[in-house]
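Student: Residue numbers 0 to 202, in numbering that gives the first Met the number 0, belong to the letters of the sequence shown in order.
Worth flagging that the hints you see were computed from the coordinates, not collected in a lab. Hints may contain errors.
DEER-style ranges, computed between Cβ atoms [as the list claims (entries may be wrong)]:
{"#": "1", "residue 1": "Val47", "residue 2": "Gly100", "range": "30 to 40 Å"}
{"#": "2", "residue 1": "Ala48", "residue 2": "Leu27", "range": "53 to 63 Å"}
{"#": "3", "residue 1": "Pro173", "residue 2": "Ala48", "range": "30 to 40 Å"}
{"#": "4", "residue 1": "Ser80", "residue 2": "Asp174", "range": "56 to 66 Å"}
{"#": "5", "residue 1": "Gly100", "residue 2": "Arg71", "range": "48 to 58 Å"}
{"#": "6", "residue 1": "Ser43", "residue 2": "Ile11", "range": "45 to 55 Å"}
{"#": "7", "residue 1": "Pro152", "residue 2": "Thr37", "range": "48 to 58 Å"}
{"#": "8", "residue 1": "Ile177", "residue 2": "Arg71", "range": "45 to 55 Å"}
A virtual CB, placed ideally from N, CA and C, is assigned to each residue, including glycine.
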Amino acid sequence: MLVEYGFVVDRIDVLDAPDEDNPVSCRLFHVRRHARITSRPRTSRPPVAHAALGVGAIIHGPKGLLLGYHRRGTRELPGGSIEPGESLTRAVVRELEEETGCAAPEEDVVLLGALVDHVADVVRVTVAAVVTAWEGEPADQESESVGDWRWYPLDQLPDGLFTPSAQALAAWRPDLPIEHQPAHYTPFATPGRSEQLDERHTP
């Protein structure tokens, strides 16, 4: 029980009653807690920013693949940057709702893997994710830079995909004929798990 609750047992002393006819026997446990290892930053200054972390949400259902149009001229998946203190799955859910108005629980987000490439001097890390169930129909949201949400058949994807979206889609379905800047891909999810999407969509 002591070990189960995080203690280390150094030794156990047996304390028997001095009288031979006294059956009382006690045990004295010498225990201690594990020493906690501390951590600290090297300095009080924050590190120089040289990387960007974001998520791309793949929404694929009976109507096709969901893509929006960015005002800078690219078609792209719902997604964006991670906010401080936010998990990857939470970022996917938040970005989906902010950009399209659709809602999804975190347990219905499958993280596929991380795509790493470079843009100038910045290391860009995009975590591709598949949302396997969601509620609502995508619609333009006020103040968002991506809108004109449309469903595309996988064999009729538009030209001009945003590079991280293209990379995420190629990681999800390597058979898609998508040209994109090379990225190092490290998978997270069990192969085949993302294909549950078509079965679990909640309109």
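Student: Under the constraints set out in the numbered hints, which ones does this structure not fulfil?
Tutor: 4, 5 and 8
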